[in-house]
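Q: Please model the complete structure; the sequences and the hints are all you need to start from.
Residues per chain, in single letters:
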Amino acid sequence: MPGAPLPSDRPVPAHTGSSVVGRLDDALLDAHAREDRETLVALYAEAGDHELAAGNVDAGCFFLTHAYVYALEAGHPDADRLHAVLKRHGRDC
Amino acid sequence: MNSIDRRGFEASGALDLEGRGLPNAHYIDPDMFREESEAVLIRNWTGIGFGKDVPDPGSAKPVDLLGIPLLIVRDADGEIGVFQNTCRHRGMILVDRPKKLRGVIRCPYHSWCYSLKGDLRTTPHVGGPGHNMHADIRREELGLVRIRSHVWRDVVFVNVSGTAPAFEDYAATALSRWAEFEKPMVFGGPDSVFSLEVETNWKLAVENYCESYHLPWVHPGLNSYSRLEDHYNIEEPGHFSGQGTTVYRRFSDDAGRVFPDIEGLSQKWDTAAEYLAFYPNVLFGVHRDHAFAILLEPVAIDRTIEHIALYYTAEGATAPDLAEMRRANAQQWRTVFEEDVGVVEGMQRGRHGPLFDGGVFSPVMDGPTRLFHEWVAAQITNARRTASI
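Chains A and B are the protein sequences, given in the same order. The first sequence begins at 1 in the numbering used here and counts up one residue at a time. The second sequence begins at 1001 in the numbering used here and counts up one residue at a time.
Listed below are the simulated EDC-like cross-link pairs for lysine to aspartate or glutamate, each with C-alpha atoms no more than 20 Å apart in a straight line:
id, chain 1, residue 1, chain 2, residue 2
1, B, K1100, A, E35
2, B, K1099, A, E38
3, A, K87, A, D49
4, B, K1100, A, E73
Hints in this document: simulated from the structure, not taken from any laboratory.
A: And the structure:
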C-alpha cells in the first residue's frame, strides 16, 4: 500500500487521535516528502511525548517508535533516549 | 549444447578437455552458464567490487552477482562487510543505490533496522502498534545474512557458497609472488577509473589477458618498446596465470616527470611488470609506480562489464601536479584494453560455430590460457562430484 504516514485525507487512527498529531500532520508529510530525518525525529518525538504525557502509552510508543527508527537511520543523538523510553515501557529491548 | 561437440561429458561427471579448450557450450549455452557459474563463481573467491567504492564509514554499495543481490558496507570501524541485500522479514531489497548510511540500514518496507555489522537492531510494530518485540521474533537469529568476504589489493572478494578455503590459503601463491607489492596503495581518483561493456563471456576476457601471444597483433603500439620476446608466461596451476614483461618503461609526461616508485621493491621491478589473472574473475597488474585491477562482472553469458581502477603511492595518487599524468596514464590503459574488445567479442561470436572444438593451445605461447581452461574444468568436475555424493 502507499506508504505516506498519517495521510491528511484520512482520519488519524483512533489509538493515536490527538489534536497535536493533527497539527503535526502537514509538517510530517512535508518532512517525509523532503526525507528530512532530523525533522521527522523531532516531530514524531513531540507527538509521542505528548501522548505519553496524556497517559496514552500505546499512542505515545507508536510515535516514539517512528522517532526512534528515524533517529537510528540518521545516527541522531536522540536515538538512545528514545530507545530508553520505549524500553522502559516494555516496547523494545 | 550443440550436437557436434559433446566432449568432456563423461558418465562420471568429470570434464576432460582432452587437451583442447572448453567446448562451445561454456560460452553460449544458458544451462551450462548456470552450472558453470555455480561451480566457478559461487564456490570460489569472486571479485564483486572495490574498497574505493565504499570509501567512508557508512558507505554502502549494492551489487548484483549473477542475480544475487549483495550489499558492500563499510562499518563504523572501517571494516568492509558483504551481506545479502535482502531483509530477513519479507525479503525486500534493502539498499537499491550507492549511498552513505548515517546510522543503520533501514528496510524501506516495514523499517526493520540493521546495524552496519548486520545485527537486527529493532523491529518496529512487530508485536502490534508501538510494540517492537514479539517472543517469536528472535533478533539474535535474524541479522543480515553475511557473505564471506575478503579485501585484497582493494578488490572485494566473496565466497558465496562459504565452502572455499580461507582467502589467505586460496590466494597463498599469489600473495607470496607479489609479497613485495603488499604496500599501501591509494586509488587515483575519478580520472583513474573506467568501465568497458563488452559483448563476450567473461572467461574470454580472462583468456585474452593471460597471454602475450596476441600483443604484437592486437596492440601494435607496444612493438616499439615491448616486443613479444620480452614477455614471459606466468603459470601457477590451480591458482592463477598470466604474463610478465622485462622491459617495463615508466610513464612520463613531456617534462619527464614520473610517478613516485613504490618503496622497497627489489631491483627486478626496475624493468619488470606482471599481469595476473587471479581466478576466477579478477585481473591484476603491478608496476614499480602504479597498479591496476580489472574486475570482470559477468552480466550475462555473452555480456561482461570490465571495471578498471588504477592505484598509486599516496603521493602519486594525490599530488595535484600529477593529476594530468594520472588522467593520461588511465587513458593509455584504456586504449590498450579497448584494443582487446574486438578479439574477445570476436571469440564470443566464433563460439557459435558448431564445428569449433574448443581449439588448440600453442605449447609455447598459450600455457597460461590452457591453465585457466583446466582450472575451470576442474571446478566443474569438483562441483559435479560434490553434487553426486
